[in-house]
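Given only the sequences and the hints, what does the whole structure look like? Please build it.
Chains as they are written, first to last, in my numbering: chain A, 1 to 394; chain B, 1 to 146; chain C, 1 to 176.
Worth flagging that the hints you see were computed from the coordinates, not collected in a lab. Check each hint, because a few of them may be wrong.
[To be verified] The following label-pair restraints were derived from C-beta to C-beta distances:
#	chain 1	residue 1	chain 2	residue 2	range
1	A	G178	C	G26	56 to 62 Å
2	A	E140	C	D154	41 to 47 Å
3	A	P191	B	P35	23 to 29 Å
4	A	G28	C	G26	48 to 54 Å
5	C	F17	A	I337	34 to 40 Å
[Stated by the list, open to error] Counterexamples of contact, computed for chain C against chain A with all Cβ distances above 12 Å:
#	residue
6	L25
7	R130
8	L164
[To be verified] Dumping the calculated SDA-like pairs for lysine to any residue here, alpha-carbon to alpha-carbon at most 20 Å:
#	chain 1	residue 1	chain 2	residue 2
9	A	K52	C	D154
10	A	K52	B	G94
11	A	K52	C	D160
12	C	K94	C	A46
13	B	K79	C	P169
14	A	K333	C	P133
15	A	K206	C	H110
16	C	K153	A	G312
17	A	K130	B	E40
18	B	K128	A	S145
19	A	K52	C	V158
20	A	K206	C	E85
21	A	K381	A	V192
22	A	K333	C	R119
23	A	K381	A	E29
24	A	K333	C	D134
25	A	K52	B	A97
26	A	K206	C	M59
27	A	K205	C	A58
28	C	K54	A	A210
Since the model is a prediction, treat every value here as computed from it, not as a measurement. Positions of the beta carbon are idealized from the N, C-alpha and C atoms, including for glycine.
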Amino acid sequence: MTHKTMLNIGPFHPLQEEAEFFQLSIEGERVVDVDVRTSYNHRGIEKLDESKTFDQVPFVVERVCGICSASHPLAYIQAVEDIAHVQAPPRALYLRTIVNELERMHSHLLWAGLAGHFLGYNTVFMWAWKCREPVLDALEIATGSRVNYANCKIGGVRRDMTDEQLQEIARIAGEAKGPVEMLIGAVLDDPVLHARLKNVGVLSKKDAKAYGALGPTARGSGLPIDVRRDDPYAAYDRLDWNVIVAEEGDVFAKTKVRLLETVEAIKIIRQAVRDIPGGQIDAKVEHIPPGEGIGRVEAPRGETFHYVRSDGSNYPVRHKVRAPSFNNIPTFKASCIGYEVADVAITLASVDPCYSCTERMCTAVDAESGREMYNFSQLVKLSQQKTERVRRQA
Amino acid sequence: MALKNWALRKSLWVYHVNTGACNNCDIEVLDLLTPRYDIERFGMILVGSPRHADVLAVTGSCTRQAQPRLQEVYRQTAKPCVVMAIGSCANAQGIFAESYHMGSPVDETIRAVDPDAIIAYVPGCPPKPEAMIAAVVKAWDVINTL
Amino acid sequence: MSQAVTPSRAQVPLVGFVGQALAELGDAVVAVERCDERRGVARIDAERTLEVAKKLLAMDGSRLATATGIDVRDGIDVLYHWCFEPQGVVITIKVLAARPSLTLESIATHVPAANWIEREMHDLLGANFRNHPDMRRLILDDSWPEGVYPLRKDFDQVADRPPLPPVPPAPEEGVS
Numbered sequence: 001m002t003h004k005t006m007l008n009i010g011p012f013h014p015l016q017e018e019a020e021f022f023q024l025s026i027e028g029e030r031v032v033d034v035d036v037r038t039s040y041n042h043r044g045i046e047k048l049d050e051s052k053t054f055d056q057v058p059f060v061v062e063r064v065c066g067i068c069s070a071s072h073p074l075a076y077i078q079a080v081e082d083i084a085h086v087q088a089p090p091r092a093l094y095l096r097t098i099v100n101e102l103e104r105m106h107s108h109l110l111w112a113g114l115a116g117h118f119l120g121y122n123t124v125f126m127w128a129w130k131c132r133e134p135v136l137d138a139l140e141i142a143t144g145s146r147v148n149y150a151n152c153k154i155g156g157v158r159r160d161m162t163d164e165q166l167q168e169i170a171r172i173a174g175e176a177k178g179p180v181e182m183l184i185g186a187v188l189d190d191p192v193l194h195a196r197l198k199n200v201g202v203l204s205k206k207d208a209k210a211y212g213a214l215g216p217t218a219r220g221s222g223l224p225i226d227v228r229r230d231d232p233y234a235a236y237d238r239l240d241w242n243v244i245v246a247e248e249g250d251v252f253a254k255t256k257v258r259l260l261e262t263v264e265a266i267k268i269i270r271q272a273v274r275d276i277p278g279g280q281i282d283a284k285v286e287h288i289p290p291g292e293g294i295g296r297v298e299a300p301r302g303e304t305f306h307y308v309r310s311d312g313s314n315y316p317v318r319h320k321v322r323a324p325s326f327n328n329i330p331t332f333k334a335s336c337i338g339y340e341v342a343d344v345a346i347t348l349a350s351v352d353p354c355y356s357c358t359e360r361m362c363t364a365v366d367a368e369s370g371r372e373m374y375n376f377s378q379l380v381k382l383s384q385q386k387t388e389r390v391r392r393q394a
Numbered sequence: 001m002a003l004k005n006w007a008l009r010k011s012l013w014v015y016h017v018n019t020g021a022c023n024n025c026d027i028e029v030l031d032l033l034t035p036r037y038d039i040e041r042f043g044m045i046l047v048g049s050p051r052h053a054d055v056l057a058v059t060g061s062c063t064r065q066a067q068p069r070l071q072e073v074y075r076q077t078a079k080p081c082v083v084m085a086i087g088s089c090a091n092a093q094g095i096f097a098e099s100y101h102m103g104s105p106v107d108e109t110i111r112a113v114d115p116d117a118i119i120a121y122v123p124g125c126p127p128k129p130e131a132m133i134a135a136v137v138k139a140w141d142v143i144n145t146l
Numbered sequence: 001m002s003q004a005v006t007p008s009r010a011q012v013p014l015v016g017f018v019g020q021a022l023a024e025l026g027d028a029v030v031a032v033e034r035c036d037e038r039r040g041v042a043r044i045d046a047e048r049t050l051e052v053a054k055k056l057l058a059m060d061g062s063r064l065a066t067a068t069g070i071d072v073r074d075g076i077d078v079l080y081h082w083c084f085e086p087q088g089v090v091i092t093i094k095v096l097a098a099r100p101s102l103t104l105e106s107i108a109t110h111v112p113a114a115n116w117i118e119r120e121m122h123d124l125l126g127a128n129f130r131n132h133p134d135m136r137r138l139i140l141d142d143s144w145p146e147g148v149y150p151l152r153k154d155f156d157q158v159a160d161r162p163p164l165p166p167v168p169p170a171p172e173e174g175v176s
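What follows is the structure in structure tokens.
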């Protein structure tokens, strides 16, 4: 006996910070369809930016998403530097790299904690976030704030760092290596996690390309795309590091990619501190001529794409902000259908949806009469219960 | 009034609502649970339903879409409760005040359903976790004197 | 209000990977504005939007990154941004959805990556995409009126805001 049931995930629940609405249709225990409705988080930023001057815009766009607070302003700034045909001085490029990689570390550790919670490993949640605190301290040393950095400007960076600060940042990054590697070992070797994450939420390579998937969601499906290597910006082409790709496309692959990228980030930060040149940090741009520019940054979730059009005045004519989750969230449809309800929570998390970035949040729960519903915390419970079952069988 | 507020002199259960935020405040709220700040030692926990909450921790600038939902959540929250408007956005919509997709600010939204709502404002973008803890303590003190 | 950039009718020489990709699009390309090592910008014939999209998707290493809609004097300019890896190239295909119909053929059936962004351009600018598989409201809220397009140049974000949603009806007595 099968019947179609509507499962509404959203809009508010304790551990997923933004409200998002995924309406799942299930038959028995299987997901047969997914609909995503958004709109809560739309803050009209693109229109707002048309009334801000070019150098005010970074302060708006760093609040597109708190977790990608370094990526959005940098992508915008690179778009404007493209219009003005300006390159930031080398020291500024290294400083940008350091902040962006620290952001990647804190974002992936945040994700690891959330994923651990969804699977019922609450110790992982506490432990990943505890490991994350020193990274936020390093960001505070680098920029003055744990989040919302305001470190870049058109033509360079807004403030320099002393040698002591740079050494402290490198030390903190180095000390994080041990805990991160321990976390990797724990995840990659745990048979219960293998059972929960392998062959779950698979996104095929073909679907990943058609949906335009980005970041670890794409790299976990075998698409070797990474803006830092393909269209280098900041100092990435001057440093030695690897792009992490996994072929299987399941949640395990995406987990592996994110954790290994955290190790690469540590490597990049230490090299950048070692090799950073002296000199100017600001190319002192005074005027933005008419033109169009595109800036791309590999945010923790994937490519952040900004397009800017200028007409020679002080204000952008048009600023397009496209965060990676806008492309990644639709892939949830492809990777969720056919799998069990108990796997929905972790599959959704594996897309690492940063709803803020997508500027979209969800609508009310529309219950069709006579239909059962689980809210998101109930879905998380289902996921945690499944882990218990798997552990008992193992 | 005094009897009602007596009920609040115990561990505080917090329900977190995001009304259209960039996430920074939300992450810092979650950070309060983690070992460095550990608000659980004060008996404060995040609960999964507003019906169990003493404190409604509201982040975000209250977009048009979120406005009616916030009002529904407030109605569902067990009374008495304190609304904590966390961050510049929840205080006064911050940098997004001029945007076309904003609803009314969080305090006006809530006062539209309950003119006597107790609202605590925690400024910052985002407020540091220490500021949030200080805010809860201060709000607690204020309620005790009502 | 000045027009941002007037597309140049003069042909820019087609060189390198970008030039090669644009050359494959043949005479669908009406004007080439930029052809660098990593960036290309070309305007195409509005009637051939779908044909060009199919060709670009079939190319090795291509993906649709996003699309930008801009309210311009003659209509809505839709800019499809295509990325190519490993070359690290972005080719922007510009196509004008001319007034009064502001309509283009949707590419979403063939390029799923275009699905949401076409819905967004419809919501915010009023651009119409013929044969879009799922043209529902995406990002404006439920109470936002039809026919009001906030990203248009004649919409003032403060003065032209539609009325706010009403307070939802109070629950009945005895039900919390």
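Hints and how they fare:
1. In this structure the supplied range 56 to 62 Å holds for G178 of chain A paired with G26 of chain C, their Cβ-Cβ distance being about 57 Å.
2. Against the hinted window of 41 to 47 Å, the Cβ-Cβ separation of E140 of chain A and D154 of chain C comes to about 44 Å, which satisfies the hint.
3. Taking the beta carbon of each, P191 of chain A and P35 of chain B are about 28 Å apart, inside 23 to 29 Å as hinted.
4. For G28 of chain A paired with G26 of chain C, a C-beta distance near 51 Å keeps the hint of 48 to 54 Å intact.
5. Distance hint for F17 of chain C and I337 of chain A: a CB-CB separation of about 36 Å, consistent with the stated range 34 to 40 Å.
6. Its beta-carbon lying about 19 Å from the closest one in chain A, L25 of chain C satisfies the requirement of being farther than 12 Å from that chain.
7. With 12 Å as the threshold on Cβ separation, the claim that R130 of chain C sits away from chain A holds: the shortest Cβ distance comes to roughly 21 Å.
8. No Cβ of chain A approaches the Cβ of L164 of chain C within 12 Å, the least distance being about 14 Å, so the stated non-interface status holds.
9. Straight-line distance between C-alpha atoms of K52 of chain A and D154 of chain C comes to about 17 Å, which keeps the hinted pair within the 20 Å bound.
10. The hinted pair formed by K52 of chain A and G94 of chain B meets the criterion: a straight-line CA distance of about 15 Å does not exceed 20 Å.
11. Among the hinted pairs, K52 of chain A with D160 of chain C is consistent with the structure: their alpha-carbon atoms are about 18 Å apart, no more than 20 Å.
12. A C-alpha spacing of about 9 Å is found between K94 of chain C and A46 of chain C, which places the hinted pair at or below 20 Å, so the restraint holds.
13. Our distance criterion of 20 Å between C-alpha atoms is met by K79 of chain B and P169 of chain C, whose separation comes to about 19 Å.
14. Pair hint K333 of chain A plus P133 of chain C holds up; C-alpha atoms about 15 Å apart against a cutoff of 20 Å.
15. A threshold of 20 Å between alpha carbons decides the hint, and for K206 of chain A with H110 of chain C the separation of about 13 Å falls inside it, so the pair holds.
16. At most 20 Å may separate the alpha-carbon atoms for a hinted pair to count; K153 of chain C and G312 of chain A meet this at roughly 17 Å.
17. Straight-line distance between C-alpha atoms of K130 of chain A and E40 of chain B comes to about 15 Å, which keeps the hinted pair within the 20 Å bound.
18. With a CA separation close to 9 Å, the supplied pair K128 of chain B and S145 of chain A stays within the 20 Å bound.
19. A distance of roughly 14 Å separates the Cα atoms of K52 of chain A and V158 of chain C; the hinted pair therefore holds under the 20 Å criterion.
20. With a C-alpha separation of about 15 Å, the suggested pairing of K206 of chain A with E85 of chain C holds against the 20 Å cut-off.
21. Pair hint K381 of chain A plus V192 of chain A holds up; C-alpha atoms about 17 Å apart against a cutoff of 20 Å.
22. Taking the CA atoms of K333 of chain A and R119 of chain C, the gap is about 17 Å. The hint holds against a cut of 20 Å.
23. Only pairs whose Cα atoms come within 20 Å are accepted, and K381 of chain A paired with E29 of chain A is accepted, the gap being roughly 15 Å.
24. The straight-line distance between the Cα atoms of K333 of chain A and D134 of chain C is roughly 14 Å, inside the 20 Å bound, and the hint therefore holds.
25. Restraint check: the Cα-Cα separation between K52 of chain A and A97 of chain B comes to about 13 Å, which is no more than 20 Å; the hinted pair holds.
26. Only pairs whose Cα atoms come within 20 Å are accepted, and K206 of chain A paired with M59 of chain C is accepted, the gap being roughly 13 Å.
27. For the hint linking K205 of chain A to A58 of chain C, the alpha-carbon distance of about 15 Å falls within 20 Å, and the restraint holds.
28. For the hint pairing K54 of chain C with A210 of chain A, the CA-to-CA distance comes to about 11 Å; that is within 20 Å, so the pair holds.
Checked against the numbered hints listed earlier, the structure breaks none of them; every hint is satisfied.
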